[in-house]
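Assemble chain B onto chain A, guided by the hints.
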Amino acid sequence: MEVKNNNILISHAPHIWRGFSTGKIMYMVVFALLFPTAASIYFFGYYAIYLILTSVVTAVLTEFVIKKLRRRRFIMDGSAVITGLLFALTLPPRLPLWMAALGSFFAIAIAKEAFGGLGYNIFNPALAGRAFLTMCFSREMTTWVIPPNFNYDAITGATPLGENFTYQADKISLYKDLFFGNTGGSLGETSAMLILVGALILIAFHVIDWRIPVFYIGVVAFGSFIMGKDVLLQVLAGGLMIGAFFMATDYVTSPVTRRGRIIFGIGLGVLTVLIRNFSNMPEGVSFSILIMNAFAPLIDKYVKLKPFGFYKKRKNA
Amino acid sequence: MKIVFKKKRSFRGLSLPENKITAEKSIEDLPVPGEAVIPLQQNIGASCEFMVRRGDMVKTGQKIADSKGYVSAPIHSSISGEVSKIIKMVNPITSNVMDAAVIKSDGEDSRVECDELFNIRESDDFFSLKRIIGSIDKEEVLKKIREAGIVGLGGAAFPTHVKLKPPPEKKIYTIILNGCECEPFITSDHRVMLEKGREVLMGLYIIFKLLSPQNVYIGIEDNKKDAIEHLEKLIVMMNLDDLFKIVSLKSRYPMGAEKTLIKTITGRSVPMGGLPMDVGVIVNNIATAKSIYDAVIEGKPLIERVVTVTGAITNPKNLKVRLGTSIRSLIEKCGGYRSEFNSIIAGGPMMGISFANTDFPVTKGTNCILVKKRRLQDEQNCINCGRCIDACPMDLMPLMYVRNTKKKKFEACKEYYIDNCIECGACSYVCPANIPIVGYIKTCKSELSKK
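Note that the protein sequences, when read in sequence, are chains A and B.
Residue numbers for the first sequence follow our numbering, so the first one is 1 and each next one is one higher.
Residue numbers for the second sequence follow our numbering, so the first one is 1001 and each next one is one higher.
Every clue listed holds true.
In silico contact screen, one side only, chain A against chain B (beta carbon under 7 Å); selected entries:
1) Ser-11
2) Ala-13
3) Pro-14
4) Ile-16
5) Phe-20
6) Thr-22
7) Ile-25
8) Gly-119
9) Val-256
Partial pick of chain B residues on the chain A-facing surface, computed with a CB cut under 10 Å:
10) Phe-1011
11) Pro-1271
12) Phe-1341
13) Ile-1345
14) Lys-1372
15) Arg-1375
16) Ile-1437
To be clear, the hints were calculated from the coordinates, so they are not data collected in a lab.
Just so you know, even glycine gets a beta-carbon here, dropped at the ideal spot from N, CA and C.
Only chain A is shown next, with the shape it has when bound in the complex (with noise of 0.2 Å):
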């Protein structure tokens, strides 16, 4: 829209941005990131490091030269390195590096590039990652370990959420092991409290909107109350926490007015009761937002915002 003349720039109004890019969005969602990172490495040892390393070198390379290819400008804005990072932390911790890498690939080539890159991807490139790896190794993506503290040597067991899980000591520790993130699961889901750092930080700064997180949760917390289960388990076990702050509030896959965005956080609240409950998964985060994902564009399409001065047009009508 500019046109360069003398020197002298012709442009639409405004002439004044505030400059708040989509890379430094980026970056502020990625630097959130930072806590249930910590959190993973802390609890899941070294390997944790290697593992999202490769993810997330993988899918800024992936990337690169998919830009390449398709003769595009490769821009730096830190939305493959969300993606990297997301995609690891969703993973067991133990998962082998190969795989590992193998999902990044799928996440930015298929789920984002191939859609037509930043702000064409139907589904959110990490949870599609981490569902064809769910497909394809469904044995190493469901072996989990109990956090053995930097000891590689992980003994295996079970989530808070899966069938066979048993918990020895009373409730009141098991609900602080969840908060403080000392349990079984994927990389970056365990430490309730981290997530909620990262996440109050965006919620602040204004860069995620609170109504998907708070009405997703809310929802799961009345449902699962109504299936007779463990609330406060329900809640702080599994991926709802990273996947409700972190994942379904990814600003490409969600609707964009705030009415759709309750919407779709009571609908990911009642598709993740249902999975949960329902089905034979322990879990159904990633599944609930993958398809929730695939409903935004038809929310966008029914919710509709009443302009201004909407009324009184419709009473004379």
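Below, chain B without anything else, positioned relative to chain A:
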């Protein structure tokens, strides 16, 4: 009696860095220019036709163009001298080619003699002035306003006499004087309020007498505390405190847009596609009120206005200039450029029009000249973040206009009420992908109007 009221904002909008660097600078006169370029289209509505030809001698304040259309305002020569040529120039707002008269000054600045002037020097106290205003016939006042070529000086340039004569079935309950000046950098209205507060209030009193509404509000953003205090004092002094109320508004962009201002002050929403008079409100700008006073009491047509020259300028100033003066001489008066720049903007940074050079004249709607350096940023993909929706004061979905205009689905934009957009630029300002959303909206609107 309490005069100043506070009101909260009633729309989303945004807060902008104000950058009102000329707020403390009093208005300076720019000398009469050697040449004035006076374009024909200076208002919304019918455009004028020239009443003078090449070689004619004109005087300051002489009417040189007029139109038979009702929604129009005549244009006056701002200097005395010879009409040296009629040139073609591009109207920056509509991109149409229009005529413009070039008047060479004879250096005398001899004015047209005005008949029936009120001798205000003798009756300088407000009470006799009020009596005089009360005694003038309404039609006479409207005629004077039209003949003086007064249009809305806030930027839209809608002929004022049309605004002040609503159809009889529309009862006007409220008059709002718009002193918000919500755009960054601009301070011309602020200075007019401080230095010509008396004239502004008398102009408002004339409007009040014309329409006899129940409420008269002066809306001023709370970043102009001195103006609020000054006008408050004047209102008390002029014994108008039972009529005029000042509303101190939260400084928020776009508070000065007509619809948001009405919503904030009266709580009523102007219906879509409607005018403020549909909810019984008429909004006038500060500078307009001042020029109404000039026209009705002093018999002066609209030939000069206050312009803020700011940005990358050595001495940013508020200048009182004759219409038709070249922007170049304004910038020279302010000491030229201070630093590197790459855009010259007439109007504020949010809604102003950028020009390729400084060879364009001050027109009735020019309230600010802003020279600044703009960082060049590429447009990136929309990431669906919804910030444009959160910023839109009209509760629209600007990203939908970008999407549909890119696909050339202009009709689809209508479903999202594109006509309701006031092009305030809030969406483009917040867009993280730096998409020129307003540019897309303008493209879409012009495509729609072609059909």
